[in-house]
Amino acid sequence: MSATGIGASVKRKEDFRFITGRGNYTDDVNRYGQTHAYFLRSPHAHATIDGIDYAEALKMPGVVAIFTGKDLADDKIGGLICGWSITSKDGSPMKAGAHPALAQGKVRYVGDHVAVIIADTYAQARTAAEHVNVKYGVLPANADTASAMKSAPLHDVASDNRVYDWHLGDKGATEAAFAKAKHITKLDIVNNRLVPNPMEPRAAVGEYEQGTETFCLHTTSQNPHVARLVLSAFIGIAPEHKLRVIAPDVGGGFGSKIFIYAEETVCVWASKKVGRPVKWTSDRTEAFLSDAHGRDHVTHAELAMDANNKIIGLRVHTTANLGAYLSTFSSAVPTYLYAPLLSGQYNIPAIYAEVDGVYTNTAPVDAYRGAGRPEATFVIERLVEVAARELGVDPAVFRQGNYVTQFPHQTPVIFCYDGGDYNASMLKALEMADYKGISARKAASAAKGKLRGIGFSSYIEACGIAPSAAVGSLGAGVGLWESAEVRVNPVGTVEVLTGSHSHGQGHETTFAQLVSGRLGIPIENVSIVHGDTDKVQMGMGTYGSRSGAVGMSAISKALDKIEAKAKKVAGYVLEAAEGDIEFKDGKFTVKGTDKSVDFGSVALQAYVAHKFSGQDLEPGLKEGAFYDPTNFTFPAGVHICEVEIDPDTGVTKIERWTAVDDFGVIINPMIVEGQVHGGIAQGIGQALLEGAIYDKDGQLLTASFMDYAMPRADDLPSYNVGMTETRCPSNPLGIKGCGEAGCIAAPPAVINAITDALGHENIAMPATPQAVWRAAQQTMKKLAAE
Amino acid sequence: MATVHMTVNGKAVTGHIEPNTLLVAFLRENLRLTGTHVGCDTSQCGACVVHVNGQAIKSCTTLAIACDGAHVTTIEGLANGTELHPMQMAFREHHGLQCGYCTPGMIMSAVDMVNRKGHELSEHTIREELEGNICRCTGYHNIVKAVAAGAKAMQGMAKAAE
Ligand code: FES
Ligand code: FES
Numbered sequence: 000m001s002a003t004g005i006g007a008s009v010k011r012k013e014d015f016r017f018i019t020g021r022g023n024y025t026d027d028v029n030r031y032g033q034t035h036a037y038f039l040r041s042p043h044a045h046a047t048i049d050g051i052d053y054a055e056a057l058k059m060p061g062v063v064a065i066f067t068g069k070d071l072a073d074d075k076i077g078g079l080i081c082g083w084s085i086t087s088k089d090g091s092p093m094k095a096g097a098h099p100a101l102a103q104g105k106v107r108y109v110g111d112h113v114a115v116i117i118a119d120t121y122a123q124a125r126t127a128a129e130h131v132n133v134k135y136g137v138l139p140a141n142a143d144t145a146s147a148m149k150s151a152p153l154h155d156v157a158s159d160n161r162v163y164d165w166h167l168g169d170k171g172a173t174e175a176a177f178a179k180a181k182h183i184t185k186l187d188i189v190n191n192r193l194v195p196n197p198m199e200p201r202a203a204v205g206e207y208e209q210g211t212e213t214f215c216l217h218t219t220s221q222n223p224h225v226a227r228l229v230l231s232a233f234i235g236i237a238p239e240h241k242l243r244v245i246a247p248d249v250g251g252g253f254g255s256k257i258f259i260y261a262e263e264t265v266c267v268w269a270s271k272k273v274g275r276p277v278k279w280t281s282d283r284t285e286a287f288l289s290d291a292h293g294r295d296h297v298t299h300a301e302l303a304m305d306a307n308n309k310i311i312g313l314r315v316h317t318t319a320n321l322g323a324y325l326s327t328f329s330s331a332v333p334t335y336l337y338a339p340l341l342s343g344q345y346n347i348p349a350i351y352a353e354v355d356g357v358y359t360n361t362a363p364v365d366a367y368r369g370a371g372r373p374e375a376t377f378v379i380e381r382l383v384e385v386a387a388r389e390l391g392v393d394p395a396v397f398r399q400g401n402y403v404t405q406f407p408h409q410t411p412v413i414f415c416y417d418g419g420d421y422n423a424s425m426l427k428a429l430e431m432a433d434y435k436g437i438s439a440r441k442a443a444s445a446a447k448g449k450l451r452g453i454g455f456s457s458y459i460e461a462c463g464i465a466p467s468a469a470v471g472s473l474g475a476g477v478g479l480w481e482s483a484e485v486r487v488n489p490v491g492t493v494e495v496l497t498g499s500h501s502h503g504q505g506h507e508t509t510f511a512q513l514v515s516g517r518l519g520i521p522i523e524n525v526s527i528v529h530g531d532t533d534k535v536q537m538g539m540g541t542y543g544s545r546s547g548a549v550g551m552s553a554i555s556k557a558l559d560k561i562e563a564k565a566k567k568v569a570g571y572v573l574e575a576a577e578g579d580i581e582f583k584d585g586k587f588t589v590k591g592t593d594k595s596v597d598f599g600s601v602a603l604q605a606y607v608a609h610k611f612s613g614q615d616l617e618p619g620l621k622e623g624a625f626y627d628p629t630n631f632t633f634p635a636g637v638h639i640c641e642v643e644i645d646p647d648t649g650v651t652k653i654e655r656w657t658a659v660d661d662f663g664v665i666i667n668p669m670i671v672e673g674q675v676h677g678g679i680a681q682g683i684g685q686a687l688l689e690g691a692i693y694d695k696d697g698q699l700l701t702a703s704f705m706d707y708a709m710p711r712a713d714d715l716p717s718y719n720v721g722m723t724e725t726r727c728p729s730n731p732l733g734i735k736g737c738g739e740a741g742c743i744a745a746p747p748a749v750i751n752a753i754t755d756a757l758g759h760e761n762i763a764m765p766a767t768p769q770a771v772w773r774a775a776q777q778t779m780k781k782l783a784a785e
Numbered sequence: 000m001a002t003v004h005m006t007v008n009g010k011a012v013t014g015h016i017e018p019n020t021l022l023v024a025f026l027r028e029n030l031r032l033t034g035t036h037v038g039c040d041t042s043q044c045g046a047c048v049v050h051v052n053g054q055a056i057k058s059c060t061t062l063a064i065a066c067d068g069a070h071v072t073t074i075e076g077l078a079n080g081t082e083l084h085p086m087q088m089a090f091r092e093h094h095g096l097q098c099g100y101c102t103p104g105m106i107m108s109a110v111d112m113v114n115r116k117g118h119e120l121s122e123h124t125i126r127e128e129l130e131g132n133i134c135r136c137t138g139y140h141n142i143v144k145a146v147a148a149g150a151k152a153m154q155g156m157a158k159a160a161e
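Here the protein sequences come in this chain order: A and B. Take 0 as the starting number for the first sequence in numbering that gives the first Met the number 0 and just add one per residue. Take 0 as the starting number for the second sequence in numbering that gives the first Met the number 0 and just add one per residue.
What the hints contain is simulated information worked out from the structure, not anything from laboratory work. All values derive from a computational prediction rather than experimental measurement. Idealized CB from N, CA, C, for every residue including glycine. It is possible that part of the hints are untrue.
What the hints assert, rightly or not - Reference listing, derived: stretches of chain A covered by chain B, where coverage requires no fewer than 3 residues with Cβ under 8 Å from a Cβ of chain B:
1. 443-456
2. 510-519
Said to hold, decoys possible - Below 25 Å or equal to it, Euclidean Cα-Cα: the simulated BS3-like pairs (lysine-lysine) are:
3. A:LYS435 <-> A:LYS447
4. A:LYS781 <-> A:LYS652
5. A:LYS12 <-> B:LYS116
6. A:LYS652 <-> B:LYS151
7. A:LYS10 <-> B:LYS144
8. A:LYS586 <-> A:LYS564
9. A:LYS10 <-> B:LYS116
10. A:LYS564 <-> A:LYS652
11. A:LYS564 <-> A:LYS610
Chain A extracted, bound-state conformation (with noise of 0.2 Å):
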């Protein structure tokens, strides 16, 4: 292993920047004469709208213009679309409501888009828009999940709410299953609704170059050529060679900065209209308000098990709140991106799911951080746990006697999965977290009057999201691949161009570290390039775990092609056969001979093509690819808790966090436990703290720091990070991927552990101390009468 190269921990490039204030983000960007654009959203959950009066709002100090839906419509920009195409069982497509940008009409939740209001500074415009006069009808407004379907509609084309009904895996098979079981453990589960909350807040900078007839938008995106293909072929702003997407420094994302949203599609749109850029950032109660929401889910789950305590089936029943809207990759995440992780790493011969995507009044809900794959595991994983104490097995045995053991392993619902010990990372996890001495500790815990519990989470996860081909045919609207384009100079150094894009995960190393120890060169002589539709020239983005198994198999791929077209340079200056030149440690080498050549020799040769004949060779060292994985990947692992709960203040406090994870060959340990640290806490924090709270009017009650609790440093411990290493089959580098494990493993690993403590399951997420507090009440009466 070279000291930059592939498993180096190598200190990020790109912290500079970033521990100096010289990062670059969309709110840093300011364009000479832009204006400020202010969102006036409705502050009813349901309602028509029966009028917009502006006229005394347009002549306030400092307002350039006022748009509505109307102004919209009239310049005919389509609306917001979902990009994935879910099918009911009775082969009707999902019934997917009009998304304008702006109102047409109706408002369908607290916070959509009414109207814009644009002026010099933003102060102006929020002052003018106190002077918009909207006259709503208020209609009767529903925020909940489960009765989702007996209110009052939202859309005309559903009018029941119900978005698709939709089903995976053999019914016949799994109730034949059940019938013959010899135990069914039974759970209702409520998966809290989240805001992502990247600390970022959304922005966006629209400008118009009239000279050009071109626009240019900088925004808060995980995805800009995404972001441009879906404005361009979809809203129809401008074709994509007229309009340019720029999304610089992020600041996190976690999904929620996937999706095409309202504001950055008016704000480039109006840029236009109005001759000056158009900027707009959201504060943070915008972002609870519009930002996409995750999970949100009610489900009913029954596990079947034979006489040998082996699962024989599953099912399971989820309504899915999909929120007033279909948001970007919406309706893909409690379908597609949900149902096929049921199987978890267990063999179960017979699965069947139903899901209910339904509308409610409230924001839209898409991908948040591991998108399905959190819930699915909730689901089997509380599944599992309870079924072992019902049957009075320990946990971790009833899993190793259910694990997959034999690869390739088909599930009856979609996956194969292509490789992995389940068993070797549960033995090191064990080991790690002392589960031997367990007893003791919960006897220690007992004589200070305390309950302990350990709660286990054996989770695996897709990722990658990708063949395109088998995406597609499940219905995804675009393919799932990735592009690089690897740059040589004439010097030597390198440029990579990808079509992955970094808002926290560290690329700009890793992919360096790839180059670096590939080319042999040093890891400063490699930048890397992303972000920008003008630069790199097409691109999937980043989420679903990808940038690894993907982007940098592409990379991978177009190094394959630099160092074929390199070689043959180095034959013509080594005077040498090109099948007898060998390339190690950044030298190209005529084989049995010390004749040489380094990797920078070459490349100036490349381009001054003094060597060979340009008809012979074309000169130059620079190559592409696209790369398309032959299967997802399955990073799998096991993550245990350990809590104590004060019964008295029923305060939960994790004293122990153990985390072994597989996720195949790892580029930057460094990188990869600060993603799984990460991804732990916020999965505590769905746990523990979190939850977005609509109160039956359809108000959020959570739209601030103030009252949604955020994960702080003081709510969360240490973690005990171990690995284990299976090669991913399915790409060039046996990457599997890790950004979304902790947050997918980390909620049923405290559940577990809360409810081994309390001695019963009646707690759901979050576990509050006030609902710990009430769940121990019935602990501790127990204990008293025993």
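Starting from the known structure of chain A, fit chain B with the ligands onto it as the hints suggest.
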């Protein structure tokens, strides 16, 4: 309009501003010091922390005119020329940042923590003291390590200065 004078990162600056201008807006918009960030509107996240007369404050809830005559240090002014501050180095060394958005505020809070609490900071102290700074990326594990290491390294700096 009001006139405000202050010393920012060692340089005397004057601004003609609306009296209701927040310090963070003055820094970001008038002085183009965009390293100080805004992450919320309820004074909760700490992305905006700067030092005013040597003490950490949240610049999102401080009026610029209230800092008339003050010495303000932002993240851009923490390094000594090209030499990074030990706390900056510790954040890089211990991977205490991912997206970097909370980082300026974290580092400014951490330096203030050391100024108040000394160089030997326990994990418990660091976690409690970071209560006003939210990070969504790191899960805090490496931030805690970075702050502890940075605190120790600052002792070296203090000694060297003596
Ligand atoms: S921006 Fe100042 S505390 Fe959040
Ligand atoms: S590093 Fe992204 S919020 Fe802290």
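Structure-based check of all given hints:
1. 443-456: violated (count 0)
2. 510-519: violated (count 0)
3. A:LYS435 <-> A:LYS447: 21 Å, holds
4. A:LYS781 <-> A:LYS652: Status holds; Cα separation ~22 Å.
5. A:LYS12 <-> B:LYS116: Violated - the C-alpha atoms of B:LYS116 and A:LYS12 are around 31 Å apart, more than 25 Å.
6. A:LYS652 <-> B:LYS151: Given pair A:LYS652, B:LYS151 is violated - Cα atoms ~28 Å apart, limit 25 Å.
7. A:LYS10 <-> B:LYS144: OK: A:LYS10 and B:LYS144 at ~15 Å, within 25 Å.
8. A:LYS586 <-> A:LYS564: Given that 25 Å is the threshold and the Cα spacing comes to 14 Å, the pair holds.
9. A:LYS10 <-> B:LYS116: 29 Å, violated
10. A:LYS564 <-> A:LYS652: Roughly 58 Å separates the two Cα atoms, so the pair is violated.
11. A:LYS564 <-> A:LYS610: 14 Å, holds
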